[in-house]
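> Those protein sequences? They're chains A and B, same order as listed. Everything in the first sequence is counted per this note's numbering, starting at 34 for the first residue and increasing by one. Everything in the second sequence is counted per this note's numbering, starting at 107 for the first residue and increasing by one.
No wet-lab data here; the hints were simulated from the structure. Note that the structure is predicted; figures quoted are calculated from it, not measured. There may be inaccurate statements among the hints.
[Unchecked claim] Below are the BS3-like pairs computed for lysine-lysine, each with C-alpha atoms no more than 27 angstroms apart in a straight line:
#1 139(A) <-> 132(B)
#2 82(A) <-> 139(A)
#3 91(A) <-> 119(B)
#4 82(A) <-> 132(B)
#5 102(A) <-> 82(A)
#6 134(A) <-> 102(A)
#7 91(A) <-> 132(B)
#8 139(A) <-> 91(A)
#9 82(A) <-> 134(A)
#10 102(A) <-> 139(A)
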Amino acid sequence: AQSVTQLDSQVPVFEEAPVELRCNYSSSVSVYLFWYVQYPNQGLQLLLKYLSGSTLVKGINGFEAEFNKSQTSFHLRKPSVHISDTAEYFCAVSFMNRDDKIIFGKGTRLHILP
Amino acid sequence: DAGVTQSPTHLIKTRGQQVTLRCSPKSGHDTVSWYQQALGQGPQFIFQYYEEEERQRGNFPDRFSGHQFPNYSSELNVNALLLGDSALYLCASSLQGPTEAFFGQGTRLTVV
Numbered sequence: 034a035q036s037v038t039q040l041d042s043q044v045p046v047f048e049e050a051p052v053e054l055r056c057n058y059s060s061s062v063s064v065y066l067f068w069y070v071q072y073p074n075q076g077l078q079l080l081l082k083y084l085s086g087s088t089l090v091k092g093i094n095g096f097e098a099e100f101n102k103s104q105t106s107f108h109l110r111k112p113s114v115h116i117s118d119t120a121e122y123f124c125a126v127s128f129m130n131r132d133d134k135i136i137f138g139k140g141t142r143l144h145i146l147p
Numbered sequence: 107d108a109g110v111t112q113s114p115t116h117l118i119k120t121r122g123q124q125v126t127l128r129c130s131p132k133s134g135h136d137t138v139s140w141y142q143q144a145l146g147q148g149p150q151f152i153f154q155y156y157e158e159e160e161r162q163r164g165n166f167p168d169r170f171s172g173h174q175f176p177n178y179s180s181e182l183n184v185n186a187l188l189l190g191d192s193a194l195y196l197c198a199s200s201l202q203g204p205t206e207a208f209f210g211q212g213t214r215l216t217v218v
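Bound-form chain B, shown alone (with noise of 0.2 angstroms):
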């Protein structure tokens, strides 16, 4: 089992441009949830997505959005990119309910 995966794991991105992350959950696992982790701080949550549709979402713009396909997977888009967004960028995967999120390795997005 591969675990969370996620790419690209580095990015660079100039302010205003957009960017798109990808995420594959774990094996059987049908939840994905994105957090943002700037330095030294703890994971902030983004939005999670089960079934295809953004379930809930933290206090974000709406310049981050998502999509969770068929197959679990689920992408997080960033419009207009700003310096602010530079950050860790971690997936996590898990069932519906009370259980554990696995964390992938993240994307490191730097933004110039």
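For reference, chain A alone in the conformation it holds in the complex (with noise of 0.2 angstroms):
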């Protein structure tokens, strides 16, 4: 079966710290893979998305994710966060079988410290 798990449900972090966010998926199929953001009472925002080519992937505010094919892990990670980077973080695959529907996992809340 295809799925998308994040290993962590909330990530407390101290601000102008590291952070990273774990994202692990199963399929069958090569994949495409996505990160979104979505603050409080707002829809989803793409931070990044990893289609083809380098495995490092550079996205918006500052966030990178790596995708890892032997591990099926896609983990986002952060150098130094802020106060606004305070939201939900959903890690996210499509398929590549013609198959456009986006599968997410449960989502990481992260929680900004000062």
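Fit the two chains together into the complex; they arrive one by one in their own frames, and the hints show the way.
This is how it looks when you write it as structure tokens:
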């Protein structure tokens, strides 16, 4: 079965500290990978995406992620977080079989501590 | 470009009623997908429309139906509402193929 697992439901981190949000997926076919951010009472905004090419992907707001095919992971990182990064982060996949639906993880709440 | 717009933003309905939610895709996009996001959960795929046809469907009952119009806008209809249908309903538009999906702000549906 195809699935996305976000290993941490909440991640507390001090302001200006680095952060990593973990994501693993399961699929029998090749995938495209995404990270979305959701601020309170808002829709989803794309942070970054991996379609092909370099496995290190840079996105908006200083975030980056690395695709690791052997470990089926796509962890999100930021070297220094700000209070404005407080939000819910969703890892998502779609599948290279002309099936364009997106499967989302359950989300990780990033809580920035002052 | 207004992006993806959804209406209404909030809605309160009674159990057993029917509801229609609306979505206008981002300019130039031809594919609309609908997702249900329950509180504290990730979005769940309901169905996708392309060329006015339902292309694929997630694990949702037939009470959930939709439509896509020639201008690519879309409606989501839910019949015989249940308390468990309370959620944020998100519309996403995209082009066919492996491109990113753009999401609207969502419609918050509360069933009482």
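> Tell me the hint numbers this structure goes against, listed in increasing order.
3
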